[in-house]
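Peer 1: As a plain string of letters, each chain reads:
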Amino acid sequence: MSEHDDAEQLQAPDEPAEARWKETLSALFANRLAAAGVVVLALLILSALLADVVAPYAFTDDDLTRRLEPPSAAHWFGTDELGRDVFSRVLFGARVSLQVGAVAVGISLVLGTLIGLISGYRGGWTDIVLMRAMDVLFSFPVVLLAIAIVAVLSPSLTNTMIAIGVVFTPIFARVVRGSVLSVREEVFVRASRSLGASDWRIISRHVLPNVAAPVIVQTSLSLAFAILTEAALSYLGIGVQPPRPAWGLMLLDAQGFIATGEWWMSIFPGLAIFITVASLNLVGDGLRDALDPKQRSIIQSRGVT
Amino acid sequence: MGRYVLRRTAQAAVALLGVSIVVFALIHLVPGDPVRTALGTRFDQDLYDALIARSGLDQPLLVQYWNWLTGALTGDLGVSFRTGEPITAALLQRLPATALLAVASLLVGLLIALPAGIISAVRQGKPVDYAASGFSQIGVSVPDFWFGLLLILVFARTLGWLPPSGYTSPLEDPVEAIRRLILPAVTAGVVTGAILTRFVRSSVLEAMSAEHVRLARAKGMPDRYILRHHVLRNAWIPVVTVTGLQLATLLGGIVVVEVVFAWPGVGRYALDSVVRRDYPALQGAVLLIAAGFLLINLLVDLLYAKLDPRISVS
Amino acid sequence: MRWRSPLALLALLALIAAACDGGEAVDVDDPTGEDVTDETVDDDPDPDDDVEEDAATGGTLIAAIGGDPDQLDPHTTTSSFAFTVLENVYDTLVQPGDDLTPEPALAESWETSDDLLTWTFTLRDGVTFHDGSALTADDVVASFERIAEEGQNAFRLDAVDSFAAPDDTTVVMELNRPAPNLLDQVGAFKGMAIVSAAAIEDGTVGDEPNGTGPFSFVSFSPGDNVVLEANPDYWGEGPFLDGIEFQVIPDESVKVTNLETGEVDWIDSVPPQQIDQLEADPDIEMSQVAGNDYWYLSLNNAREPFDDVDVRRAIAFALNIDDITEAANFDAATPNETAIPETSFWFLDYAPYGHDPDQAQALLDDAGVSDLTIDLMVTNEFPETVTAAQVIASQLGEVGIEVDIRIEDFSTWLAEQGDGNFDAFALGWLGNIDPDDFYYAQHHSEGVNNFQGFADDEVDELLDAAREETDEDARKALYDQAATRIVDLASYIYFYNPDILEAWSPEVQGYETRPDVATRFATTSLG
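Protein chains in written order, with our numbering: chain H, 1 to 305; chain F, 1001 to 1314; chain A, 2001 to 2527.
If you're looking for bench data, these hints aren't it; they were derived computationally from the structure. Positions of the beta carbon are idealized from the N, C-alpha and C atoms, including for glycine. Be careful, since some hints might not be right.
Just the calculated beta-carbon pair ranges, DEER-fashion [what the hints assert, rightly or not]:
1) F:Gly1056 to A:Thr2204: 19 to 27 Å
2) A:Gly2368 to H:Ala42: 27 to 35 Å
3) H:Ala58 to A:Asp2331: 21 to 29 Å
4) H:Gln99 to A:Gly2203: 50 to 58 Å
5) A:Asp2099 to H:Trp76: 47 to 55 Å
6) A:Asp2322 to F:Leu1062: 52 to 60 Å
7) A:Thr2204 to F:Ile1021: 35 to 43 Å
8) H:Ala42 to F:Leu1062: 52 to 60 Å
9) F:Val1240 to H:Ala30: 31 to 39 Å
10) F:Leu1062 to H:Ala36: 36 to 44 Å
Partial chain H-side listing against chain F, Cβ under 10 Å, derived [claimed, not checked]:
11) Asp135
12) Leu137
13) Ile162
14) Tyr235
15) Gly270
16) Leu282
In silico contact screen, one side only, chain A against chain F (beta carbon under 7 Å); selected entries [as the list claims (entries may be wrong)]:
17) Pro2222
18) Asp2251
19) Thr2257
20) Asp2409
Full structure from sequences and hints, please.
Peer 2: Structure below.
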């Protein structure tokens, strides 16, 4: 999406959108931690995209003559039980993690926004039914619900994305509905309505731009938690399946080699998860400070409360 | 207050009903046919029909749901596809291990969060505050299972201080039970502590900015006295609430930690059921955990309302 | 969990049936798994047993097993964990001796008629079940009739038309064809256990194990433990222990740790990568014995292009089984291009493939096959198949064959195998002794486990003839021919025979790891 599209879509009567976005970005980059998060994320995305070029080995390149070697100049992160280069697998793992995160959160973003919009804008019975349904999904511990969904769909990359997407939908629905409710009765919205503007026009011109800020913050924080959840599911053996190099899966393999001292197999994939999640959290916190004056904390947005 | 209790309880009951529908639907909408799968290579139509009939799978979905629900309400979650043992008994047998770990983790979390949160609030903007927020940033970003693996690597494998995994009942051997509890409880506790630290800090900060605290300060009362008598007295209510909610979260999220430490709890049972396609067992385990989750949430809300009467009004 | 061969999942049936039976009510107050020792006393069917302690010299052996027995009915279970326990509770008519040839057990002696179609077994005198009742020929007949009906091991009794008990100590079997391997079949493992006729009648075989073995059943808490106590009236040598507690410990590394810390005395498996570590440990006896199991890859002969023998052979040439073996087992397995391990009398020294990608490429080119993608089905129930699949994928990648690894849970895997929904699968057959176990069901065109759809008249004839051949050398010659052809036509592409790995504390005396994985603690003691 180009800058121009953004601006048009986000235009609200009393705020010059472009100025507001510039302000947000400069606020974000003024926060040094958040800026660091953005840089690390950019590097991660780059390495995920360019893994084929950057990685010294293919992620399936096994060679038993070099199995379980500690880190060295040839293998920065050592090799695993099939002699595969752990550094290369960590790079390719970034692709899996970011893909799962993006698609899963994309699903919950679209579904949740739709449900939240309809619920908040329509009100009445639609609202009650939709929100009670969201409450029910919300009544499950997150990881457990994801496990149950994957169990039913059978473990795979796609189903992991679907499960995580479903699990995070209620959070988005709630955030969006809350914002819609507060916007719905604003003077400019009522004015447009009285002028005979269509629902769609009101939603796209006035409501969406106003829910954008909390949704963006939520997206960033959900990405972090989605990646964490994917790693957990893969570690449990019911997420991404081998030979795809997911970080959680690499840790599952590594567990059998802790007793025999092959520490590098468990250190590096875990660090990769940690760094990715931490930078997303930092960016999320930064965006929240810049965009959302209500200071919803990371914890609230995770649905812990 | 009474009205609020009623309303909130009714809400929880409705949510639980919804949860039961979701759990039931999920598992009955499985693509493919669990009985066919269970029969494997020795498929035989007569046998298949007999099995379907005996397990009630030939009845309309609504009837099946009703039977399952009324069974569940009377404590009968059916029997496992795999072992043939009653699921309720199996879950009850594993519940103490999960409860022990959850409570111990919460204690670890509080041991970290209370001092860290209070000190960082009192010394706002000082190095100790940054250290605490750094810790909590790390805590919420670190994958708990990886943290567990690291602890095993360091404290069990390298230093040899603690057993790497496994569970001993405290009734059998309390010392060994505690030794085995430490690593998993710290694993789950650090993440919990990271989240709680933020809450404690912000609650204390909020309480410190209250009118009467500022007044007390202006009067020149000693800081310690103010902290104890004015700040903490007000700050503890939200903290208690969040602590309760964390317990509920732990109960649901502890499955991963149970797997890392080979902890024979309810979460592991659920996961084993997934791997073995033991749908009745999975159903039972998920329902139990979700019900516990709802129940704790309900109790916390009610407790909160009792502690802070403004809630039930609003 | 290991899969007893050659059986598909009939146990599941019994399981589900049992599940349906037991589904009426649940006693929530039942303290499952708690207070095992108290129950020991209460549940004892025969209080007299408690008085006689002479047979045992003491101590309870704590043995760790990797999973729950799915059930304790020897005739219907397929779980190796169940057999680890039941090995010590039940007896068979004859049993594999130290060299795996049949030796007397409940039957003291046997005779065959001249036409080889009538077998007469004489039972040992004075054998009693754990409940005190005497073992009679009726129990034997009832047991075999049940086995023949239950399906699980019915194929082992294929050759037998009828069982009769002319008197209390005589069992007569009438055969429909000569069966030189009958003893191997009726005594193969505890799946052929002799249970009491009364238990069959009452339907209590699975719930109240009542055997004639060195240990009697005390209690079973799923997910926790199985407790056995010494049978002072055991007919053979031993038992020297007071009892055995089998603790269920699913996690491999926990199992090893518990052995290291002395919480358990014996463990039923060792992760191959930890062999060196345990061997170096003076406080642990590590045991590594060549086993009779084998692991393999099979291609779906009913699908193109795997119906073409050249394509199957090309894949065999492309694979490097040394690497597959090492990847999946480190040093704890022996690569083998045939099924039967070299430690066996029936071993055939034949390895026509080696690792020859050029030959593979040439065969594929001749067959006109390019851009081949194989759907390879493996199961996380046996992680070695997942490891092997990844190595297979990269090896076949070298000759331009793409491999899609499909990982299924075991019951789905079995269903897919039964329905023929696969290009290829990898798995193992466990616990075989007689060559018929290795070949007939898998490679005869009418074999019950010939899921790959292999059909070759010559192999059929050889296998049929070998079944009935009574001269051992002639029989071996027939199996050698059959095996050669099976390997040449790549019905299975064999990988390796894994070693059996067990470990115990030096206190454990008189226990030996056996190639058939029978875990016999009769003569074991704690020193």
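Peer 1: Would you list, in rising numerical order, the hints stated earlier that this structure does not obey?
Peer 2: 2, 10, 13
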